[in-house]
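Protein chains: 2
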Amino acid sequence: LLSPVMTSTITEDIEVLVLLPQNNSYLFSRAKVAPAIRYAQQRLRTDGGQFSGFHFNIQFENSDCVSDALFLLVDRSCGQKPDLILGPVCEYEAAAVVRLASHWNIPVISAGALAAGFGNKNTEYSQLTRIAPSYVKMAETFTAMFRHFTWKSALLVYEDDKLERNCYFTLEGVYHLMADFNINTFALHQDERLDTDHILQTIYDTEVVIMCMGADKIREIMLAAHKQRLTTGSHMFFNVELFNASSYGNGSWKRGDEYDSDARQAYASLNTVTLLRTAKPEFENFSLEMKMAIKEAGIHDCKDCASVNMFVEGFHDAMVLYAIALHEAMKRGYSKKNGTEITSRMWNRTFEGIAGQVSMDVNGDRNGDFSLMAMTNVEEGTFEVVANYFGVNGTFQLLPAFNADRFTLRGRHTAHAHETPD
Amino acid sequence: LLSPVMTSTITEDIEVLVLLPQNNSYLFSRAKVAPAIRYAQQRLRTDGGQFSGFHFNIQFENSDCVSDALFLLVDRSCGQKPDLILGPVCEYEAAAVVRLASHWNIPVISAGALAAGFGNKNTEYSQLTRIAPSYVKMAETFTAMFRHFTWKSALLVYEDDKLERNCYFTLEGVYHLMADFNINTFALHQDERLDTDHILQTIYDTEVVIMCMGADKIREIMLAAHKQRLTTGSHMFFNVELFNASSYGNGSWKRGDEYDSDARQAYASLNTVTLLRTAKPEFENFSLEMKMAIKEAGIHDCKDCASVNMFVEGFHDAMVLYAIALHEAMKRGYSKKNGTEITSRMWNRTFEGIAGQVSMDVNGDRNGDFSLMAMTNVEEGTFEVVANYFGVNGTFQLLPAFNADRFTLRGRHTAHAHETPD
Numbered sequence: 004l005l006s007p008v009m010t011s012t013i014t015e016d017i018e019v020l021v022l023l024p025q026n027n028s029y030l031f032s033r034a035k036v037a038p039a040i041r042y043a044q045q046r047l048r049t050d051g052g053q054f055s056g057f058h059f060n061i062q063f064e065n066s067d068c069v070s071d072a073l074f075l076l077v078d079r080s081c082g083q084k085p086d087l088i089l090g091p092v093c094e095y096e097a098a099a100v101v102r103l104a105s106h107w108n109i110p111v112i113s114a115g116a117l118a119a120g121f122g123n124k125n126t127e128y129s130q131l132t133r134i135a136p137s138y139v140k141m142a143e144t145f146t147a148m149f150r151h152f153t154w155k156s157a158l159l160v161y162e163d164d165k166l167e168r169n170c171y172f173t174l175e176g177v178y179h180l181m182a183d184f185n186i187n188t189f190a191l192h193q194d195e196r197l198d199t200d201h202i203l204q205t206i207y208d209t210e211v212v213i214m215c216m217g218a219d220k221i222r223e224i225m226l227a228a229h230k231q232r233l234t235t236g237s238h239m240f241f242n243v244e245l246f247n248a249s250s251y252g253n254g255s256w257k258r259g260d261e262y263d264s265d266a267r268q269a270y271a272s273l274n275t276v277t278l279l280r281t282a283k284p285e286f287e288n289f290s291l292e293m294k295m296a297i298k299e300a301g302i303h304d305c306k307d308c309a310s311v312n313m314f315v316e317g318f319h320d321a322m323v324l325y326a327i328a329l330h331e332a333m334k335r336g337y338s339k340k341n342g343t344e345i346t347s348r349m350w351n352r353t354f355e356g357i358a359g360q361v362s363m364d365v366n367g368d369r370n371g372d373f374s375l376m377a378m379t380n381v382e383e384g385t386f387e388v389v390a391n392y393f394g395v396n397g398t399f400q401l402l403p404a405f406n407a408d409r410f411t412l413r414g415r416h417t418a419h420a421h422e423t424p425d
Numbered sequence: 004l005l006s007p008v009m010t011s012t013i014t015e016d017i018e019v020l021v022l023l024p025q026n027n028s029y030l031f032s033r034a035k036v037a038p039a040i041r042y043a044q045q046r047l048r049t050d051g052g053q054f055s056g057f058h059f060n061i062q063f064e065n066s067d068c069v070s071d072a073l074f075l076l077v078d079r080s081c082g083q084k085p086d087l088i089l090g091p092v093c094e095y096e097a098a099a100v101v102r103l104a105s106h107w108n109i110p111v112i113s114a115g116a117l118a119a120g121f122g123n124k125n126t127e128y129s130q131l132t133r134i135a136p137s138y139v140k141m142a143e144t145f146t147a148m149f150r151h152f153t154w155k156s157a158l159l160v161y162e163d164d165k166l167e168r169n170c171y172f173t174l175e176g177v178y179h180l181m182a183d184f185n186i187n188t189f190a191l192h193q194d195e196r197l198d199t200d201h202i203l204q205t206i207y208d209t210e211v212v213i214m215c216m217g218a219d220k221i222r223e224i225m226l227a228a229h230k231q232r233l234t235t236g237s238h239m240f241f242n243v244e245l246f247n248a249s250s251y252g253n254g255s256w257k258r259g260d261e262y263d264s265d266a267r268q269a270y271a272s273l274n275t276v277t278l279l280r281t282a283k284p285e286f287e288n289f290s291l292e293m294k295m296a297i298k299e300a301g302i303h304d305c306k307d308c309a310s311v312n313m314f315v316e317g318f319h320d321a322m323v324l325y326a327i328a329l330h331e332a333m334k335r336g337y338s339k340k341n342g343t344e345i346t347s348r349m350w351n352r353t354f355e356g357i358a359g360q361v362s363m364d365v366n367g368d369r370n371g372d373f374s375l376m377a378m379t380n381v382e383e384g385t386f387e388v389v390a391n392y393f394g395v396n397g398t399f400q401l402l403p404a405f406n407a408d409r410f411t412l413r414g415r416h417t418a419h420a421h422e423t424p425d
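Chains as they are written, first to last, in the working numbering: chain A, 4 to 425; chain B, 4 to 425.
Hints were generated in silico from the structure; no laboratory data involved.
Remember, identical chains collapse to one label, so a pair may be satisfied in a single copy or spanning two.
Below, a list of computed lysine-lysine pairs in the DSSO-like style, where the Cα atoms sit at most 30 Å apart:
# : residue 1 : residue 2
1 : K257      : K294
2 : K155      : K220
3 : K84       : K340
4 : K165      : K124
5 : K294      : K283
Just chain A, same shape as in the assembly:
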């Protein structure tokens, strides 16, 4: 990609408006993502290749995950409009910004806007390119598993904060894609007491339970399920853990309390779907630079600062993808103001991102690769990746650590005498 090609260099000034939170509590806060965008900008400039004539003028503005990004975009719309918008990530805010940007024919690339609704690129989100795998892409992992293991029914249990609604949108993706299966849903409201009895009553009827919620609530449900002997193979439990944040992976059953031993055993039935992690040599340098940039900026309060997550990686690759598409469009005589032309050239193509190959589908959404993690050592309570799902060709690949026994449903009751509340 970035090797010097002997073509005449195209020069152009490009106004980039980046809409990310100044608030460091987000995984995709400006402080975390800005170094990745700068890194990409630097690479595109100094590689001496075909993109060195692009001069990106990058302006950062706040996204508060409500409406700030929209107001900012509108209030400056009387002057010069940007050529490219990066972000917002949060669903509701992104919806408004992308609609307006599509109306104005401005390309938007986001590592967020992951909800199923953004898949509608015909009109309202026509200029949106999604550089991170959406929730529907993640859901493909479940359909692949359900077909592989011939499971038929699932209960989706999610915590809904009614604000950003990440877990709601995550499992909405599953619901959206799994219309052919027997799917029920159960919403937990953030401020309500967790009624594990009520949830487990609903669990009886389904083979598979897919959960998206905070780690403590997952543990509470698994402990309750274990106590009711639902973790003996009669049900499969899944936890969705996205964003490649380091919040997962250190054995989250452990709390140092009296329930650790039970939790460890319960978690033997809990599998996790997460983004597949890739590592190529260039990525190490990128990762190191990101850490240094955060350190230099003196930021200590940002969430999960040390790790390169999906958003950081995605916004880096957004710059590269845009440069490729813009270059191609301009070579053919189109202007940078022709958003439709540039956007269409970002879709249905594969390119080399910072962590590995990035494949965009025909609808402008990134194909996703996901890993299935399961407990492989019950004494130690440790997890390993046991299978991978590759979105580009839809394959579900079992790894040596995979234990078929753990994924076989057994002892399914054919009828229950559970009482109905009256």
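Could you slot chain B onto chain A? The hints should help.
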């Protein structure tokens, strides 16, 4: 209100932007509502009273219930901003427009934007005044009934078109307000086959079934419930029918098919919550003028053209309420550009609307009066209003036609041997 008061007349030009659909298939299409707004404008001007100095310059622009209204507002924002916005009605479009108008401090009055989320007037919807009773106000009718009859559990069954989502938002209002009761939900997707067995399975566990969906689906469910003997007093069935459109009221069990007799009997268990209809002498003239205006305009394809619905009435009253508040604010030296001042004067007040008294609560939402209709003659299959709910003081009033027997739950099973799907 409109009687001549001997104060010095305040004169002001007021730019009104009305955002309503040009598409006549809506109950609140421009063709239906514009005559009501013009009627109010005329009354305010010619009554010779305190509002005769207000010169409303009314501009109509299209709302397509997606994003047109937002784009229109934004694209003209570089020039002069309007002083008042009327509409949009559709929830998603209104959300974007009201957020932006609140950011710019422009009062918005809508007879729509009925969803629970718009109740948050602290920040994002601070300039929104709702001139028609919201879904949460309608839901008060149910809480009043549940308390009166000491019912405890309800199943909310709604059809979700995933576009404008009127029924979703309608029953969301009930869900929102009835958190203290035992509430379950069941969503029907528009393009799916109606699985009455599945719905009825869920019905067993609850006392009350509240439905929002098309009349044909209601009938299908009621016929299935009747067949399974669920219409014998063990369950209460409710249908929500809003907007004062004439679509309800002619005995909608009747189709002229072989099921009419069963349907009539089934509908003896179906009660309908609808807007309370009021009639004062002035209303007759208004109603007549509206019909004439539609006729003169030569519009034949508009939905439910002949009747004055909630939206038509609401947007008329919006003009009156705004005039009262603006007059009061200007008398105290505030400018028409002080949206916050004007908006606050529209809240927590009662005034005379075209169909009767309009009471706005402290949060700027209209208090609602609703009627409960029930079949009072099973042989004829005719319905009457049997009770009213008055939002302003929260009273639930039984009328002479009310038959207590029909609202008494009996023969409730304490346990069911219904099979669980496997």
